[in-house]
Amino acid sequence: MPIEQPTAKKMPVNKMPIAEALRTVQRPTFLGITFDDAMHYFFRGNATVSILVLFLIVIFLFKEGGGFFSQNVQNLEIYRKAGLEYVDIVRTRVDNHRTLGRFLGELRTKQLNLLHGDESALAGYDAAVERFSVTIDEYQGFVSEYTEVATGIKEKFKIGLDMEVAKQNFQREGKFEESGKIVIPEIDFATETQIFRDSVPQIKVIDEKFHTEVNASLESFPAMPSVELQPQLEKFKELVKLHQEDVRTMEKSLTEWNWQKPIPWYETFTSFIFGRNWLTASFWQDWYGIIPLFVGSLIIAILSIAIAVPFAIGAAIYVNQVATRHEQNLIKPYIEFVSAVPSVVWGFFGIAVVGQLIRTVSELGVVSWVPFFPIAERLNIATASCLLAIMAIPTIFSLAEDAIQNVPNAYTESSLALGATKFQTIWIIMIPSALSGIVSAIILGLGRVIGETMVVLLCSGGRIQIPDFSKGLGIFFQPVHTMTGIIAQEMGEVANGAIHYRALFMVGIVLFFISLLLNYAAQQVVKRYKISIG
Amino acid sequence: MEHAFSNRPTKAKTTQNIAFWIMRSMTYTIVILATLIFGTIFIKGGSTVFQTSFPFVNTTFLFSKPETLHVVTSDGNKLQMGDKEWRAYSEKNPEAVIEDHKTYVYSAGGIFPCIVGTVLLVLGSMTIALTLGVMSAIYLSEYSKHGLFIEWVRISIANLAGVPSIVFGLFGYGIFVIFFGWNVSLLSGWFTLAFMVLPVIITSSEEAMRAVPKGFREGSLALGATKWQTITGNVLPYAIPGILTSSVLSISRVAGETAPIMFTAAYVVRDELPWEVSKLSDFFLQGVQALPYHIYVVSSKIPQNEYTARVQWGGAFVFLVVVLAIAMTSVVMRSKMRQKYRW
Numbered sequence: 001m002p003i004e005q006p007t008a009k010k011m012p013v014n015k016m017p018i019a020e021a022l023r024t025v026q027r028p029t030f031l032g033i034t035f036d037d038a039m040h041y042f043f044r045g046n047a048t049v050s051i052l053v054l055f056l057i058v059i060f061l062f063k064e065g066g067g068f069f070s071q072n073v074q075n076l077e078i079y080r081k082a083g084l085e086y087v088d089i090v091r092t093r094v095d096n097h098r099t100l101g102r103f104l105g106e107l108r109t110k111q112l113n114l115l116h117g118d119e120s121a122l123a124g125y126d127a128a129v130e131r132f133s134v135t136i137d138e139y140q141g142f143v144s145e146y147t148e149v150a151t152g153i154k155e156k157f158k159i160g161l162d163m164e165v166a167k168q169n170f171q172r173e174g175k176f177e178e179s180g181k182i183v184i185p186e187i188d189f190a191t192e193t194q195i196f197r198d199s200v201p202q203i204k205v206i207d208e209k210f211h212t213e214v215n216a217s218l219e220s221f222p223a224m225p226s227v228e229l230q231p232q233l234e235k236f237k238e239l240v241k242l243h244q245e246d247v248r249t250m251e252k253s254l255t256e257w258n259w260q261k262p263i264p265w266y267e268t269f270t271s272f273i274f275g276r277n278w279l280t281a282s283f284w285q286d287w288y289g290i291i292p293l294f295v296g297s298l299i300i301a302i303l304s305i306a307i308a309v310p311f312a313i314g315a316a317i318y319v320n321q322v323a324t325r326h327e328q329n330l331i332k333p334y335i336e337f338v339s340a341v342p343s344v345v346w347g348f349f350g351i352a353v354v355g356q357l358i359r360t361v362s363e364l365g366v367v368s369w370v371p372f373f374p375i376a377e378r379l380n381i382a383t384a385s386c387l388l389a390i391m392a393i394p395t396i397f398s399l400a401e402d403a404i405q406n407v408p409n410a411y412t413e414s415s416l417a418l419g420a421t422k423f424q425t426i427w428i429i430m431i432p433s434a435l436s437g438i439v440s441a442i443i444l445g446l447g448r449v450i451g452e453t454m455v456v457l458l459c460s461g462g463r464i465q466i467p468d469f470s471k472g473l474g475i476f477f478q479p480v481h482t483m484t485g486i487i488a489q490e491m492g493e494v495a496n497g498a499i500h501y502r503a504l505f506m507v508g509i510v511l512f513f514i515s516l517l518l519n520y521a522a523q524q525v526v527k528r529y530k531i532s533i534g
Numbered sequence: 535m536e537h538a539f540s541n542r543p544t545k546a547k548t549t550q551n552i553a554f555w556i557m558r559s560m561t562y563t564i565v566i567l568a569t570l571i572f573g574t575i576f577i578k579g580g581s582t583v584f585q586t587s588f589p590f591v592n593t594t595f596l597f598s599k600p601e602t603l604h605v606v607t608s609d610g611n612k613l614q615m616g617d618k619e620w621r622a623y624s625e626k627n628p629e630a631v632i633e634d635h636k637t638y639v640y641s642a643g644g645i646f647p648c649i650v651g652t653v654l655l656v657l658g659s660m661t662i663a664l665t666l667g668v669m670s671a672i673y674l675s676e677y678s679k680h681g682l683f684i685e686w687v688r689i690s691i692a693n694l695a696g697v698p699s700i701v702f703g704l705f706g707y708g709i710f711v712i713f714f715g716w717n718v719s720l721l722s723g724w725f726t727l728a729f730m731v732l733p734v735i736i737t738s739s740e741e742a743m744r745a746v747p748k749g750f751r752e753g754s755l756a757l758g759a760t761k762w763q764t765i766t767g768n769v770l771p772y773a774i775p776g777i778l779t780s781s782v783l784s785i786s787r788v789a790g791e792t793a794p795i796m797f798t799a800a801y802v803v804r805d806e807l808p809w810e811v812s813k814l815s816d817f818f819l820q821g822v823q824a825l826p827y828h829i830y831v832v833s834s835k836i837p838q839n840e841y842t843a844r845v846q847w848g849g850a851f852v853f854l855v856v857v858l859a860i861a862m863t864s865v866v867m868r869s870k871m872r873q874k875y876r877w
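Top to bottom, those sequences are chains A and B.
If you count the first sequence from 1, position 307 lands on 307 in our numbering, and the numbers rise without skipping.
One gets our numbering by counting positions in the second sequence from 1 and adding 534 to each.
Chain A on its own, in the form it takes in the complex (with noise of 0.2 Å):
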């Protein structure tokens, strides 16, 4: 029978019946609370903790980054305003030219070979291809005499911001004299911009000039020395041509170029999920694109888990099922011994080794028939991933190897009494039961890859670009920087409450729904695919 708590409370003990005095406990009480229950919440306050900080975590990266999406609609509308928007219109013009004098130069090498080094023979094609790039000479001067004034623009916008800032910070102190003495000066954007809409005309005048002589300069290109070449020719007149239409539509959009157009409000969501420029810092405009970052974070992954699987899996099969007792033994403890050493100590082993040795095989003779070898980079993807699946392996072993050991022994023993081998038992039974196990190690092991930081921002090569697909396999020698590098590089640099900095938050919270998303991914795959022991 229980004690009955309430009956004490009401009633002395020396004037209840002695049978239920006996069963009487009095515990002295604070409150109304005994001691016993107050251990009780406390020990429950401490559990709380968990989800405070999960809480706490998601307020402090919301509260820190949160602002990046309005400073950002402003560094949009700046970018209008002032019309570096117009002038970069122009720009691509420039730049688009560029990668066709590449491709020309590209194909002045071909013929070289070809020609065994007779440069006399080029001649008519140097001329030609001399006459197509500086049909744009006009663009370039153009667009270096108006970055002068959109940057002007711009500049006397950012010290109408400084001002304001200094005028709130002296109201903020009760100065209001001060204050009132600042006085921020109008930008009148109309008028500031009106130099762009009258240079519509003059870009006219340009466009016209630029189409008839591009198209005067892609007559005077010679026939190629071989028939093999010839088709490239032509494919470059093709890509002129669609370089004529570009600047068609470009003119259009030129001339509809409107200051005071608004910005959409998701742009500033779709500049930073979908922008392909990380660009900060940089005396023209700054850009907040993510995809540059992930892009390189999730290659980086992917390929460091590709090569970690294999091992992982095959050495916790081995481990559990083959290795004789005093194998086991000895080969858990060091590679889960593996798991302990630092990520820095990784990261620094790249550096000082496997760089370097990546590029010296690059380098051998024996390898010389793959196309993009030798490496240019000592520090890229590929050196990152090595020493990433280096450091994922342990995770995923311990993980599989107890995703293996917790298959029911009825399922093999049946196997083996059925007169399969134990690689069949392992082929058929085993796999098949613990792939949920296996596949929920596959997953945990990408979010340690992917959050991972020292390795990759010491061993990526931190270029913030998005590598070149069209390589094939050689996208993993280029180096690429990645959200979790970009947040460590960076963030010592930055001033707090700048649109940079909130933009690494941004970076930040991104990385950790990602972390929140896989790990929910591998609780799942668990769940859903459990084979039912029975």
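No lab work stands behind these hints: they were computed from the structure.
Incorrect hints may appear among the rest.
As the list claims (entries may be wrong) - Quick list of the computed label-pair ranges, beta carbon to beta carbon: (1) B/Ser812 <-> A/Leu52: 31 to 39 Å; (2) A/Lys527 <-> B/Trp555: 17 to 25 Å; (3) A/Gly160 <-> B/Phe714: 51 to 59 Å; (4) B/Trp555 <-> A/Tyr266: 51 to 59 Å; (5) A/Gly472 <-> B/Ser581: 38 to 46 Å; (6) B/Phe714 <-> A/Gly105: 53 to 61 Å; (7) B/Ser815 <-> A/Phe35: 48 to 56 Å; (8) B/Lys547 <-> A/Gly365: 52 to 60 Å; (9) B/Lys612 <-> A/Thr270: 19 to 27 Å.
As the list claims (entries may be wrong) - Below 35 Å or equal to it, Euclidean Cα-Cα: the simulated DSBU-like pairs (lysine-lysine) are: (10) B/Lys835 <-> A/Lys471; (11) A/Lys209 <-> A/Lys261; (12) B/Lys636 <-> B/Lys578; (13) B/Lys547 <-> A/Lys422; (14) A/Lys530 <-> B/Lys748; (15) B/Lys874 <-> A/Lys332; (16) A/Lys15 <-> B/Lys761; (17) A/Lys332 <-> B/Lys578; (18) B/Lys547 <-> A/Lys63; (19) A/Lys527 <-> B/Lys636; (20) A/Lys422 <-> B/Lys813; (21) A/Lys235 <-> A/Lys63; (22) B/Lys547 <-> A/Lys332; (23) B/Lys626 <-> B/Lys636; (24) B/Lys578 <-> B/Lys870; (25) A/Lys204 <-> A/Lys156; (26) A/Lys252 <-> A/Lys237; (27) A/Lys63 <-> B/Lys835; (28) B/Lys748 <-> A/Lys332; (29) A/Lys530 <-> B/Lys870; (30) A/Lys422 <-> B/Lys545; (31) A/Lys209 <-> A/Lys154; (32) B/Lys636 <-> B/Lys618; (33) A/Lys209 <-> A/Lys241; (34) A/Lys332 <-> B/Lys870; (35) B/Lys748 <-> B/Lys618; (36) B/Lys545 <-> A/Lys332; (37) A/Lys181 <-> A/Lys158; (38) B/Lys545 <-> A/Lys530; (39) A/Lys261 <-> A/Lys110; (40) A/Lys241 <-> A/Lys110.
Computed from a predicted model, the values in this text were never measured in an experiment.
Note that CB positions come from ideal geometry on N, CA and C, so glycine has one too.
For chain A, the structure is supplied; the task is to place chain B on it using the hints.
Just chain B, lined up with the frame of chain A:
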């Protein structure tokens, strides 16, 4: 000796042999690679840390502050000196013809402040994490009943364990450095690291407490002890070895992480040692040098050459040895525990 039951090769057996050999080679590839990497670091770093003459350990490297290395050709002699030595030398020999003067930051001297900083960071954060973690574990294993609250706690723990360490760094920067105004300090680093290892400690402590047989609790309760008396008298004493064992492994994680302390606790260089402070509160609110961050700095900010290799490999060696020794302790303790406690 052919007979019907002899061990004839069949297709299935051959496949099995090939498959097993592939898996065996994979396993040993991992083992050999890891050994090669450890070996390289031990050999290259060992030459910095150990020496052939008494006391066989390079005490300057272990017990002095980092300095700038000067490499000069003076009167035709090639010399390498630390900063202090160099100043004394140039005062003493003002007329010496100095040629080819090159400097490398942090490449002379030692790593003492970094070792001290790492020890302080580990001590503080483990104290916080163990206190919070063990208390939470007590609740989870002794008090909790199935319900929404417990569900939430478990979900949080599982998700916290997967959050990347750099995100913890950002979080610590946002809350401790900026919001609480502790700046880059030991205190900020302690809490950031403590929250990072919290899920590991909770999970392992809970496991250790659940391993204590139910009979211990029931016996104690049956004799009239309260829940509190049962926990402190009959559960915790038997669980503590297990809790400590698993916690040792999380020490190696705390000591090894760089990303969370980059913006919360670590300084690139600092002239004073942590205890050289004017008042007590300064001790907690000061940034420190830490070994992992120092390795990051010397491997990324200075060039790789014969003069800098000494401090780079030496630092990595010391760090690796410390962390692996901690991990090794945990492994040994665990196997000892398994033999000692059987019920």
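Hint check results:
no.: 1; hint: B/Ser812 <-> A/Leu52: 31 to 39 Å; in the structure: holds, 35 Å
no.: 2; hint: A/Lys527 <-> B/Trp555: 17 to 25 Å; in the structure: violated, 36 Å
no.: 3; hint: A/Gly160 <-> B/Phe714: 51 to 59 Å; in the structure: violated, 34 Å
no.: 4; hint: B/Trp555 <-> A/Tyr266: 51 to 59 Å; in the structure: holds, 57 Å
no.: 5; hint: A/Gly472 <-> B/Ser581: 38 to 46 Å; in the structure: holds, 43 Å
no.: 6; hint: B/Phe714 <-> A/Gly105: 53 to 61 Å; in the structure: holds, 58 Å
no.: 7; hint: B/Ser815 <-> A/Phe35: 48 to 56 Å; in the structure: violated, 34 Å
no.: 8; hint: B/Lys547 <-> A/Gly365: 52 to 60 Å; in the structure: violated, 42 Å
no.: 9; hint: B/Lys612 <-> A/Thr270: 19 to 27 Å; in the structure: violated, 60 Å
no.: 10; hint: B/Lys835 <-> A/Lys471; in the structure: holds, 31 Å
no.: 11; hint: A/Lys209 <-> A/Lys261; in the structure: holds, 30 Å
no.: 12; hint: B/Lys636 <-> B/Lys578; in the structure: holds, 24 Å
no.: 13; hint: B/Lys547 <-> A/Lys422; in the structure: holds, 9 Å
no.: 14; hint: A/Lys530 <-> B/Lys748; in the structure: holds, 29 Å
no.: 15; hint: B/Lys874 <-> A/Lys332; in the structure: holds, 21 Å
no.: 16; hint: A/Lys15 <-> B/Lys761; in the structure: holds, 28 Å
no.: 17; hint: A/Lys332 <-> B/Lys578; in the structure: holds, 27 Å
no.: 18; hint: B/Lys547 <-> A/Lys63; in the structure: violated, 63 Å
no.: 19; hint: A/Lys527 <-> B/Lys636; in the structure: violated, 62 Å
no.: 20; hint: A/Lys422 <-> B/Lys813; in the structure: violated, 69 Å
no.: 21; hint: A/Lys235 <-> A/Lys63; in the structure: violated, 52 Å
no.: 22; hint: B/Lys547 <-> A/Lys332; in the structure: holds, 27 Å
no.: 23; hint: B/Lys626 <-> B/Lys636; in the structure: holds, 19 Å
no.: 24; hint: B/Lys578 <-> B/Lys870; in the structure: holds, 33 Å
no.: 25; hint: A/Lys204 <-> A/Lys156; in the structure: holds, 29 Å
no.: 26; hint: A/Lys252 <-> A/Lys237; in the structure: holds, 23 Å
no.: 27; hint: A/Lys63 <-> B/Lys835; in the structure: holds, 32 Å
no.: 28; hint: B/Lys748 <-> A/Lys332; in the structure: holds, 31 Å
no.: 29; hint: A/Lys530 <-> B/Lys870; in the structure: holds, 34 Å
no.: 30; hint: A/Lys422 <-> B/Lys545; in the structure: holds, 13 Å
no.: 31; hint: A/Lys209 <-> A/Lys154; in the structure: holds, 31 Å
no.: 32; hint: B/Lys636 <-> B/Lys618; in the structure: holds, 15 Å
no.: 33; hint: A/Lys209 <-> A/Lys241; in the structure: holds, 15 Å
no.: 34; hint: A/Lys332 <-> B/Lys870; in the structure: holds, 17 Å
no.: 35; hint: B/Lys748 <-> B/Lys618; in the structure: violated, 65 Å
no.: 36; hint: B/Lys545 <-> A/Lys332; in the structure: holds, 31 Å
no.: 37; hint: A/Lys181 <-> A/Lys158; in the structure: holds, 19 Å
no.: 38; hint: B/Lys545 <-> A/Lys530; in the structure: holds, 32 Å
no.: 39; hint: A/Lys261 <-> A/Lys110; in the structure: violated, 48 Å
no.: 40; hint: A/Lys241 <-> A/Lys110; in the structure: holds, 23 Å
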